[in-house]
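There are 4 protein chains.
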Amino acid sequence: MPRTEPRVELLAHTPEPLSLLYAAFRQCYHAGFVADMWPRLLSGEIEREKQGAFIASILESGHSSPIEHVSFTFAIEGVSRALTHQLVRHRIASFSQQSQRYVDGSHFDYVMPPAIARNAAAKARFEQFMEDVGSAYRDIKALLEQDGRTGSRANEDARFVLPQAAASKIVVTMNCRALVHFFEERCCMRAQWEIRAVADVMLGLCREVLPELFAHAGAKCERLGYCPEGERFTCGRYPLRQSMP
Amino acid sequence: MPRTEPRVELLAHTPEPLSLLYAAFRQCYHAGFVADMWPRLLSGEIEREKQGAFIASILESGHSSPIEHVSFTFAIEGVSRALTHQLVRHRIASFSQQSQRYVDGSHFDYVMPPAIARNAAAKARFEQFMEDVGSAYRDIKALLEQDGRTGSRANEDARFVLPQAAASKIVVTMNCRALVHFFEERCCMRAQWEIRAVADVMLGLCREVLPELFAHAGAKCERLGYCPEGERFTCGRYPLRQSMP
Amino acid sequence: MPRTEPRVELLAHTPEPLSLLYAAFRQCYHAGFVADMWPRLLSGEIEREKQGAFIASILESGHSSPIEHVSFTFAIEGVSRALTHQLVRHRIASFSQQSQRYVDGSHFDYVMPPAIARNAAAKARFEQFMEDVGSAYRDIKALLEQDGRTGSRANEDARFVLPQAAASKIVVTMNCRALVHFFEERCCMRAQWEIRAVADVMLGLCREVLPELFAHAGAKCERLGYCPEGERFTCGRYPLRQSMP
Amino acid sequence: MPRTEPRVELLAHTPEPLSLLYAAFRQCYHAGFVADMWPRLLSGEIEREKQGAFIASILESGHSSPIEHVSFTFAIEGVSRALTHQLVRHRIASFSQQSQRYVDGSHFDYVMPPAIARNAAAKARFEQFMEDVGSAYRDIKALLEQDGRTGSRANEDARFVLPQAAASKIVVTMNCRALVHFFEERCCMRAQWEIRAVADVMLGLCREVLPELFAHAGAKCERLGYCPEGERFTCGRYPLRQSMP
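Residue numbers (UniProt numbering), protein chains in the order written: chain A, 1 to 245; chain B, 1 to 245; chain C, 1 to 245; chain D, 1 to 245.
Everything labelled a hint here was simulated from the structure, so no lab data went into it. Some clues are possibly wrong.
Identical chains share a label here; the pair holds if one copy fits it or two copies do between them.
Heads up, simulated DMTMM-like pairs for lysine to aspartate or glutamate below, C-alpha to C-alpha not over 20 Å straight-line [claimed, not checked]:
1. 123 to 147
2. 50 to 212
3. 50 to 9
4. 123 to 109
5. 50 to 208
6. 123 to 139
7. 123 to 212
8. 220 to 60
9. 50 to 132
10. 50 to 16
11. 123 to 231
12. 50 to 104
13. 220 to 104
14. 123 to 145
15. 123 to 208
16. 50 to 139
17. 50 to 60
18. 220 to 131
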């Protein structure tokens, strides 16, 4: 039962994302047809800097739906089922996840929480336990096969012993508006450590492609300048609203 | 580690659901204002039978969005995390699920697949393993607490050992259109046994409240009169489309 | 062509909305099953005040998805097609709107903007124009009927002359989370006057049913204590963020 | 007031759409990580034909959510507000539409229904009426300006006279699953002529980019081999289900 680490790859994103956002925002306020200015956007005749400034000024005024026109698709592996159960709660997104029914789990990978990895006794207990899970899975699968349940029909029941730590693989597509919201929630120190780590990598990849939009994305405090999470939950990096000068 | 069974309770539904669907459908085709006919719908001056027949005739013609106006809210317990991970993939729905971070898992309930329960050796192996998981959870939680991680901070890491079989509790709201789709997918014999059993109970509860809509809901074949799942996946209850007379 | 005014009726809402929100929030943090405490919520054994306080404290901490479990259904008439085109842009909602295809528009109602009503010359010009539209609709419909296009086939083309002012009727269902967002956007002084007036009435109806949630709903500034719309768009009721003390 | 015609331009789509769909579908059933096979997909080492066949076989079995990972963005002009009001009812989509508040309508373009254009008397009446609308708009706007309401504040009220025929411009993004559904509804002969014409052009553009998915998309009958619209609404191109041999 090998331990694994998260890996996040950007498979695809809408091409020419800055120009597409600019075109969508402009169409709302422009008498002409943005398809006619599209070549001048791609050629840089209308400068990228100007495009970014226009987008920033409209976003500042509270109009954000046009950023939905650009999407990013990530392939993610080495993350726990605990993480994917949280991840798929984001409903404005598309997911294709590795099935525990069609893929055998006899030798599953697992994710170890850092706090467990730092405690030698806990680490040993956790590692031994993961071996025990593998044995239980294989034993139960073999017993089901003796009853004539094979392949996916055996996997789907044997997997009931697999832990939340069991690693999964998933393809995720989100548009920029959903991503901005996802980063607000999941880059916050209140988020669980595993999904925060994955969100941070996703944010880095988005920033490389579209810095004009994602440079200041992240936990809500980054944009607000204060922490909205309240006294009980704040991490202390930013002041609470009530205690602002 | 006690074994548990699913329990599905209907907490609430939109009141006067038949009349509300009727009003919504009528508003599309009616010159008047349905708020003005609303008292006559509730009083039965416009008969329930007539309301149901009108809805059926419009649905038959392919216009189904008005059934979204009525929602059902269920509370569900005794279902595995394997089930809830599938359940929350339905994105046109609202979910509030018991947190493994805020609720201690030292003595978690679990769900046992029927095929395992029917095989004495598999059942014994599964039961023993669930006890082992409880020990591992408690051991690791205790070790984390020695490091100063307590409460939800200990739970959120210890839970990595909890199995897919671990029982969860969840409140679910879906509108009728989402429910009809949910039943099409999950009452099908291709669906996994656990979510099919829960979907069947939900469907029964919906039928009691709104038989005019849900009497013929269920797996796609119930409505189509044939199985659309293809030769490889059909359960055989209905003929495949290509082999229809 | 008679002038009309908006009318908003609350047709239905999820019953026992406060207790349902409480149950949904509690299930996230509670070891027990909320269906078991449900009778005690309805009986008032767990006091409404306590239920409201619990919900407020969790909302304050940033966890808002459970408010989705409660929905409100409104019937609205006397609003312009300009308004309904804006309204149906809210995608987390269900709509059933009167069809200009199936309902004849020969004697359509219309909405007059207050700024036009206040200017005698503009008012007279507007009123006369609405009569002209009616004539054009009836003339064109009659000419199409001579070509054998009758009923909905004549309406669907004749309606191309109907103005944005033409009144429509629509049934709308939104859950509380969508409503809170809708009020943030549409109760703001930046919103167009017509949809703001309708949103204000809807908010009043929600407040009567569920004051614990809606007492402080409204434009974003009501909750934030400052205006986030920026110098160019602010109405001045609240200070801008940058100019807060 | 010039008459206009629809124009649909494909601004962007997710790059390498076939390979991305293949990767997403494969990840569900594959033990490995699709990011590792991604270069072999792009290079053609895994042949496009094989990719298409795999996708077709999974779609056939009823698993369609992975097609959501690919999106198309269109810019559309020369379509009526009647059309855009229908278009934005598709909620799993993103829209950025030209504002009648920020863009002056003194010399608006308009769309003429073909049945009107074919009838000389109706055509003349319609054309004259559009000139009358322009006059009314300019008169009312001038009167509002005398009251000190200028720019967008004058436009937003003057536009109440603009007809459903008034042309709009809109940027639309939909993923493939939403597109397939859109084509099922809107390429059907029951759909209104204007949105059907636009949907047909969109479908043609999608087919050029991704024939493996869109070759057989279109009205529901194209896939089913029969008409599901019922006796009252069928266009007769395909037999009704009940009358199939």
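Tested hints:
no.	hint	in the structure
1	123 to 147	between (37 Å within a copy, 13 Å between copies)
2	50 to 212	within (11 Å within a copy, 39 Å between copies)
3	50 to 9	neither (30 Å within a copy, 24 Å between copies)
4	123 to 109	within (15 Å within a copy, 25 Å between copies)
5	50 to 208	within (19 Å within a copy, 33 Å between copies)
6	123 to 139	between (25 Å within a copy, 11 Å between copies)
7	123 to 212	neither (42 Å within a copy, 47 Å between copies)
8	220 to 60	both (15 Å within a copy, 14 Å between copies)
9	50 to 132	neither (60 Å within a copy, 40 Å between copies)
10	50 to 16	within (15 Å within a copy, 29 Å between copies)
11	123 to 231	neither (33 Å within a copy, 48 Å between copies)
12	50 to 104	neither (53 Å within a copy, 24 Å between copies)
13	220 to 104	neither (40 Å within a copy, 29 Å between copies)
14	123 to 145	between (33 Å within a copy, 14 Å between copies)
15	123 to 208	neither (36 Å within a copy, 52 Å between copies)
16	50 to 139	neither (64 Å within a copy, 37 Å between copies)
17	50 to 60	within (15 Å within a copy, 39 Å between copies)
18	220 to 131	neither (40 Å within a copy, 42 Å between copies)
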